[in-house]
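Protein chains in written order, with my numbering: chain D, 1 to 366; chain Z, 1 to 366.
Careful: at least some of the hints might be erroneous.
[As the list claims (entries may be wrong)] Simulated pairs of lysine-lysine, DSS-like, Cα-Cα distance not exceeding 25 Å:
#1 D/K76 <-> Z/K54
#2 Z/K332 <-> D/K75
#3 Z/K54 <-> D/K320
#4 Z/K104 <-> D/K332
#5 Z/K54 <-> D/K136
#6 D/K51 <-> D/K6
#7 Z/K123 <-> D/K76
#8 Z/K51 <-> D/K306
#9 D/K75 <-> Z/K54
#10 Z/K51 <-> D/K123
#11 Z/K285 <-> Z/K306
#12 D/K306 <-> Z/K76
#13 D/K75 <-> Z/K104
#14 D/K54 <-> Z/K261
[Stated by the list, open to error] To list a few chain D residues with every Cβ distance to chain Z over 12 Å, as calculated:
#15 K10
#16 Q111
#17 K201
#18 T333
Simulated from the structure, these hints should not be mistaken for lab results. Just so we're clear, the structure is a prediction, and the values are computed from it rather than from any experiment. Ideal Cβ positions, reconstructed from N, Cα and C, are used throughout, including at glycine.
Number of protein chains: 2
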Amino acid sequence: MANHFKILKKSKLSQARLSKLKTAHGIINAPFFMPIATRGAVKNLTVEEIKDLKAEIILSNTYHLLLRPGVALMKKYGGLHQFMRWSAPILTDSGGFQVFSLAKHRKITPQGVYFSDPQNGQKYYLTPQKAIQIQKAIGSDIMMVLDECPPYPVTEKYADESLELTTKWAALCKKEHQKKPNSQLLFAIVQGSTFKDLRIKSAKQLTAIGFDGYAIGGVAVGEPREKMKEVLNWTIPELPADKPRYLMGLGRPEEIVEAVKGGVDMFDCVIPTREARHGRLYIWKSQISNLKSQVFYRTININNAKFAKDLSSINNSNLKSYSKAYLHHLFKTNETLGMRLATLNNLNFYLTLMAEIRNNIKNGKL
Amino acid sequence: MANHFKILKKSKLSQARLSKLKTAHGIINAPFFMPIATRGAVKNLTVEEIKDLKAEIILSNTYHLLLRPGVALMKKYGGLHQFMRWSAPILTDSGGFQVFSLAKHRKITPQGVYFSDPQNGQKYYLTPQKAIQIQKAIGSDIMMVLDECPPYPVTEKYADESLELTTKWAALCKKEHQKKPNSQLLFAIVQGSTFKDLRIKSAKQLTAIGFDGYAIGGVAVGEPREKMKEVLNWTIPELPADKPRYLMGLGRPEEIVEAVKGGVDMFDCVIPTREARHGRLYIWKSQISNLKSQVFYRTININNAKFAKDLSSINNSNLKSYSKAYLHHLFKTNETLGMRLATLNNLNFYLTLMAEIRNNIKNGKL
């Protein structure tokens, strides 16, 4: 899709930029955060609630959808939008990350990867071509190339061979997509672990092939936080300025702010939803956030006994009418409504954070 | 509360009646069904959703609230309405049923019952007076007397002694309530197992004391369905016609229809919510229900493989936009959203059933 990305403003204080990303199911204001709907549902929430939270895009996982319901049924359903009744944009990862981290008995060949469903042992063979075919059946607005995501730490030799494979697969993904071009965008994934030369090589190779956007993969896999910053600093200058940049799997609120300042436009992370299910809530420190401060938020564990007596609201926004004491009670009595309210709190926090970030760029403050 | 119950119409075809029950938090149209909010939450649902389902009253369990959060905190919270942000009526059971069915090491004395919390072994002593004090702290609109609910089957001797104890405790509950009279209603519970003479004796004794309403307890505890019908037939004629009648813990849709025809005004049951959590859905057989038919509904198990391909709506009412295939997928992938949608379906079915019952009485068809 030509001209799908429009930069509205570049910050004078940092590499941050305000932009709009156009997709088949709508325009998304960037920088943005994608709530995770692994299996076609943001855990505990309806699509109406996700809309009410003002999420403009969600992320689903190809690996999980490939296992259940599977490609044949997904085609029958007419794609994921129709299936889950979500009419706004969806990004799907390629399945690579989960194959390497979740699947059993995986075996990589230059042509693709063999793996088994851990639940029932059923065997699968995922190739770059198949990753695109599956994402076309899903009908996501943004598809990701199949990549190999090496663990951390890894030898330079392994990281180098791995990124070469990822580049080769990326080219095959693009070729497969172009067989039947449509309005789905295709993003590449920069790898190279924590090696400067490799990150630069990966970014150059992928840029030379040409994609609708570029993701930085292989971060948030256990490397020190400082390393992640370096990876960003090496990689971003090598990526085309007129294409969206996506930092995969990140992160904590202050990491997102830092990455935006480094020039990143797109984020996804399990933190707000996963931590919500364990009772960890993200809370603004003050009504109006000051993102320059390192301490603009705090987290609380609602299971803590002191909240049994705390009648203050969960937040002053979408959960004004519920007290912390009530949420504490729901967690202590294993009522699933508790996970749902906590999820609504945390996603509201993250999506408000992104709106604040956009405002701050707009007003020349970030 | 005087004149809290008003009969609008008596059926000419049966003992069914259309009525209104006035409580401190609003008027309820009867016959009605109470969704169960055991620990101050209808499982998986917010109060907004319960209101959207048009539930006019919910039921909470004194036993569970006594254990967690406990009476001291409940007082601090200003009662259950405030705590869970539900502004419509609430009925609370007395805790008796759960003490006898769930608690460990219970010991009955003429003055009350000792029991331990199965979770942490903490010891409690529940008396008729305390049952009222706790329900006053909860602030429910309708309180139930402490009763002993014998199991089925039981000897006539045991059932007789038990109902005498229940009558004595009911009188003590009333006395306790009258120490500080308020707008909370107090209902008695008829016991007597499956013995005609005992049911009649219990009803007469309780009526002589005088309560705001009368429940029929000790049913749906394992007795044959025919026995339950007999119990109703023996008991109802002995209860004052100008007071509400409540059949505790029932039941399947056709049982509710039968009991309404027998003169019952109020119901509660775990069936719609509990079965929803296992994927069993209640479905109307036709758009317009015909309650005379024995087969006005059916149940389906959404886990059944055939639903993977069923793109029809879950129902034509509150879940029009979700397909059975999607709900099947949510259950197969353990997404809690599935339990929530199934609960919304089943409560919608039960509450629609009650509205249909009221319409049928109004139109002279039941």
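Comparing the hints with the structure gives:
1. Our distance criterion of 25 Å between C-alpha atoms is broken by D/K76 and Z/K54, whose separation comes to about 35 Å.
2. Restraint check for Z/K332 and D/K75: satisfied, since their Cα atoms lie roughly 18 Å apart, inside the 25 Å limit.
3. Using a Cα cut-off of 25 Å, the hinted pair Z/K54 and D/K320 holds, with the two alpha carbons roughly 23 Å apart.
4. With a CA separation close to 20 Å, the supplied pair Z/K104 and D/K332 stays within the 25 Å bound.
5. With a C-alpha separation of about 42 Å, the suggested pair Z/K54 and D/K136 falls outside the 25 Å cut-off, and the hint is violated.
6. About 23 Å separates the Cα atoms of D/K51 and D/K6, which keeps this hinted pair within 25 Å; it holds.
7. For the given pair, Z/K123 sits about 57 Å from D/K76 by alpha-carbon distance, which is inconsistent with the 25 Å threshold.
8. Distance hint between Z/K51 and D/K306 is unfulfilled; the C-alpha atoms sit about 31 Å from each other, more than 25 Å.
9. Between D/K75 and Z/K54 the CA atoms are separated by roughly 37 Å; this puts the pair beyond 25 Å, and the hint is violated.
10. For the hint linking Z/K51 to D/K123, the alpha-carbon distance of about 47 Å lies beyond 25 Å, and the restraint is violated.
11. Proposed proximity of Z/K285 and Z/K306 is supported: the alpha carbons are some 19 Å apart, at most 25 Å.
12. The straight-line distance between the Cα atoms of D/K306 and Z/K76 is roughly 14 Å, inside the 25 Å bound, and the hint therefore holds.
13. Proximity of D/K75 to Z/K104 is assessed by CA-CA distance (about 53 Å); at most 25 Å being required, the pair is judged violated.
14. Our distance criterion of 25 Å between C-alpha atoms is broken by D/K54 and Z/K261, whose separation comes to about 49 Å.
15. Look at D/K10: its CB is around 40 Å from the nearest CB on chain Z, clear of 12 Å, so calling it non-interface holds up.
16. Interface exclusion of D/Q111 from chain Z stands, the closest Cβ pair being 29 Å apart, more than 12 Å.
17. Every Cβ of chain Z is farther than 12 Å from the Cβ of D/K201; the closest lies at roughly 39 Å, confirming the non-interface assignment.
18. For D/T333, the shortest C-beta to C-beta distance to chain Z comes to about 5 Å, within the 12 Å cut-off, and the non-interface label is violated.
Against the hints set out earlier in the document, violations occur for numbers 1, 5, 7, 8, 9, 10, 13, 14, 18.
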